[in-house]
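*Asks:* In case you want the letters, here they are:
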Amino acid sequence: MKKVLFAVYNSPVGSIWINEALRSAFGMYGEDLEPVVLFVNEAVLAVRKQCKPEIIGCLPLSITFKYLEKYNTQVYAIKEDLEKYSIKENEIEPHWNLKTIIKEELPDFVHSFDKVVFF
Amino acid sequence: MALIIVKKSPANKLSEFLLKLALPQDKVIFIQDGVIFAIEKNLKGLVKEGVELFALKEDFIARGFEESESQIPLIDYEGWADLIERDEKIIS
Chain Z
1 MKKVLFAVYN
11 SPVGSIWINE
21 ALRSAFGMYG
31 EDLEPVVLFV
41 NEAVLAVRKQ
51 CKPEIIGCLP
61 LSITFKYLEK
71 YNTQVYAIKE
81 DLEKYSIKEN
91 EIEPHWNLKT
101 IIKEELPDFV
111 HSFDKVVFF
Chain A
120 MALIIVKKSP
130 ANKLSEFLLK
140 LALPQDKVIF
150 IQDGVIFAIE
160 KNLKGLVKEG
170 VELFALKEDF
180 IARGFEESES
190 QIPLIDYEGW
200 ADLIERDEKI
210 IS
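Protein chains in written order, with the numbering used here: chain Z, 1 to 119; chain A, 120 to 211.
Just chain A, with the same shape it has in the complex:
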């Protein structure tokens, strides 16, 4: 089980590379420009079954999006800190 941190937008190849690494029970959090993934309609199709997806609320709102536009749960900085503390293995 790992926490994968995606910082780059969908336009950057590394982002897709990271999503393909995710295994079931992994968590992926989108931060910085990575939050742009949160409005993608087929986002769930980019990862394997059983991978949990989150986006960082502050980064999402800062980029002018409405919370309702997100296709995945938004978590705040505190929630992100909890994720980091809980997951021993981090891929970023």
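With the rest of the complex left out, here is chain Z:
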């Protein structure tokens, strides 16, 4: 089974990139591909409970939670970026079942995938 990493670097509010990344990831399950999602830079803001793009009329992130759970899709965020935006443990939305990774581990982590796509 091939592994594909969807790395989101755009902010979760004001564009559809994060929804597109998650939609693309879910689409992998029809093939022999295992998707993993990584939040980088401003994309880490998505993990906050209070992050609700629907407030300004954008697609909600919560519509993806049941699929994340159903497919057990792994979602990572960069630890240093969480700290940069002062996102504390208790502020993280549990549905993401978030794992963190430090920048130092990124090169090997990213190279462990067969394909890597940035959104």
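Quick caveat, the hints were computed from the structure, so don't treat them as lab data. Virtual Cβ for every residue (Gly too), placed ideally from N, Cα, C. Incorrect hints may appear among the rest.
Only part of the chain Z face toward chain A is listed, based on derived beta-carbon distances under 8 Å [as the list claims (entries may be wrong)]: (1) 36; (2) 40; (3) 114; (4) 119.
Here the structure of chain Z is known, so what remains is to put chain A in place on it, guided by the hints.
*Replies:* Frame of chain Z; chain A shown alone:
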């Protein structure tokens, strides 16, 4: 071994993020606005030892640069196609 494709200019944070992912024996090709990296004097210092750097000639010239201004080898579309075919793992 991977081929890393950098499409954004040095002003975009993602570009630097991608360069930091490169491991020895990886190849990096700069395309679109990424070709602006090719005129940077300390470009080699932005990546680890053993990372090969290329820029796409057509995109470089289209942006008004002279080939001689490039600090790294320029390859054309055909050369880029060869790189893609040779490298199984692509990070872009």
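*Asks:* Which constraints among the numbered hints does this structure fail? Numbers only, ascending.
*Replies:* The structure breaks hints 1, 4; every other hint is satisfied.
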